[in-house]
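Visitor: Sequence:
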Amino acid sequence: MTRLALFVAVLLSGTACFAQQALWGGAQIESPVINDNGTVTFRCVAPKAVKVQVTGDFLPTRKVQTEWGEFDAPGVGEFTEGKNGLWEYTTPEAVAPELYLYNLIIDGNQTLDFNNMWINRDVSTINNMFLVPGGRSDYYAVRNVPHGTVSKVWYPCTLTKNNRRMTVYTPAGYNPTGKTRYPVVYILHGAGGDEDAWVTEGRASQILDNMIAEGRCKPMIAVFTNGNISQEAAPLENSTGYVRPVFRQEKQMEGSFEETFPEIVKYIDSHYKTLANKKNRAICGLSMGGFHTMYISLNYPDLFNYSGMFSAAVGVSDPKISPLYQDVDAKLATYFSKKPALLWIGIGKTDFLYNQNEELRAKLDAAGYPYTYLETDGGHIWKNWRIYLTEFLPKLF
5 MTRLALFVAV LLSGTACFAQ QALWGGAQIE SPVINDNGTV TFRCVAPKAV KVQVTGDFLP
65 TRKVQTEWGE FDAPGVGEFT EGKNGLWEYT TPEAVAPELY LYNLIIDGNQ TLDFNNMWIN
125 RDVSTINNMF LVPGGRSDYY AVRNVPHGTV SKVWYPCTLT KNNRRMTVYT PAGYNPTGKT
185 RYPVVYILHG AGGDEDAWVT EGRASQILDN MIAEGRCKPM IAVFTNGNIS QEAAPLENST
245 GYVRPVFRQE KQMEGSFEET FPEIVKYIDS HYKTLANKKN RAICGLSMGG FHTMYISLNY
305 PDLFNYSGMF SAAVGVSDPK ISPLYQDVDA KLATYFSKKP ALLWIGIGKT DFLYNQNEEL
365 RAKLDAAGYP YTYLETDGGH IWKNWRIYLT EFLPKLF
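Note that this note's numbering numbers the sequence shown so that position 65 is 69, with each residue one more than the last.
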């Protein structure tokens with residue numbers, strides 16, 4: 005062995021040992037910790053920091069003014085510094101069962117809690133997450149029940165003249181060559197989201213697995229579409245490459261997505277064992293997805309028997325943008341003349357879209373159109389949308 009080869013071998017050996025230590029050593033600090041009394045403790049080491057905070061939806065909210073109006077934002081908790089630069093914060097009260105998102109703020113800079121490996125992406129923000137078990141939040145956990153299959157599926161789109169991606173959930177026991185056929189629910193994301201959002205942040209596949217296993221909802225196929233007609237798929241899964249995700253995309257709410265939706269239904273019916281009729285189809289969505297749900301339901305009243313609008317952006321600034329957004333009163337009359345099984349509306353009391361939903365409900369009430377309504381605490385947050393999904397699914401089919 006030459007001296008150079010020997011040097012390289014020794015160097016690689018040292019690197020392997022270092023990597024092995026990093027792999028097996030792991031973090032020595034546990035954060036967050038759910039204590040026996042229900043409080044939650046967060047820890048981090050920041051010996052040179054002046055101020056350490058935590059912000060997340062488990063804390064009391066604070067009012068924030070944005071271009072869309074005033075709405076609730078996650079609160080902030082203050083860490084206390086201990087020995088050797090170890091900072092710690094414990095919630096003053098027990099934290100209710102739920103799935104929560106949070107970040108640390110160190111000297112004004114928002115960052116991850118690197119002692120917690122559980123993270124997810126919301127548009128271009130990376131958040132840590134933790135689950136407090138019990139009650140409804142048990143639907144968000146992976147439990148020892150039969151599990152469905154989640155697939156990433158590409159389909160051709162006539163309008164965009166390319167292939168686009170969606171996520172498809174098939175329930176446990178689904179057999180593509182079997183005789184059993186299933187109803188289908190289409191679940192739409194909000195602005196800045198994509199076909200991954202409901203499966204990652206929304207925990208939709210866990211909700212479906214657990215509710216189906218309990219007999220609370222029927223076995224069904226669930227389809228999660230990408231409502232951003234200007235992109236083929238989620239970030240890094242489309243041809244734009246390493247482009248930072250943004251809240252506002254081109255052609256988000258100008259009719260193109262709604263126009264192409266019957267193609268998606270046709271594709272699903274031709275590639276999966278579906279019950280291909282209105283009676284066995286449902287659609288729902290959050291925020292922008294609620295907007296899409298409303299106008300897809302109104303413009304194609306023979307497609308869906310169940311429609312759910314979660315914190316829906318129901319108004320349009322200019323109906324002239326698309327014929328699909330025009331003649332709403334006439335389309336509502338046609339929609340209800342077809343006697344849909346369910347129109348479901350959910351909104352948080354402090355949601356910045358609350359007034360829009362109140363106006364829609366006033367219109368429905370004045371015309372005597374039936375709907376189911378749920379009002380919850382809180383604002384425009386995933387906590388509410390997961391609740392709405394767990395309320396909507398048992399009412400289907």
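Note that these hints are calculated values from the structure, not bench results. Honestly, I wouldn't trust all of these hints.
To be verified - Calculated lysine-lysine pairs in the DSBU-like style (CA-CA distance at most 35 angstroms, straight line):
| hint | residue 1 | residue 2 |
| --- | --- | --- |
| 1 | K183 | K399 |
| 2 | K342 | K283 |
| 3 | K387 | K399 |
Visitor: Is K183 within 35 angstroms of K399, Cα to Cα?
Guide: Holds, at about 25 angstroms.
Visitor: Taking 35 angstroms as the top limit, are the C-alpha atoms of K342 and K283 close enough?
Guide: holds (11 angstroms)
Visitor: So if I understand the rule, the pair passes when the alpha-carbon distance is 35 angstroms or less; does K387 with K399 pass?
Guide: Roughly 20 angstroms between the alpha carbons, so the hint for K387 and K399 holds.
Every hint, counting from the list given before, is met by this structure.
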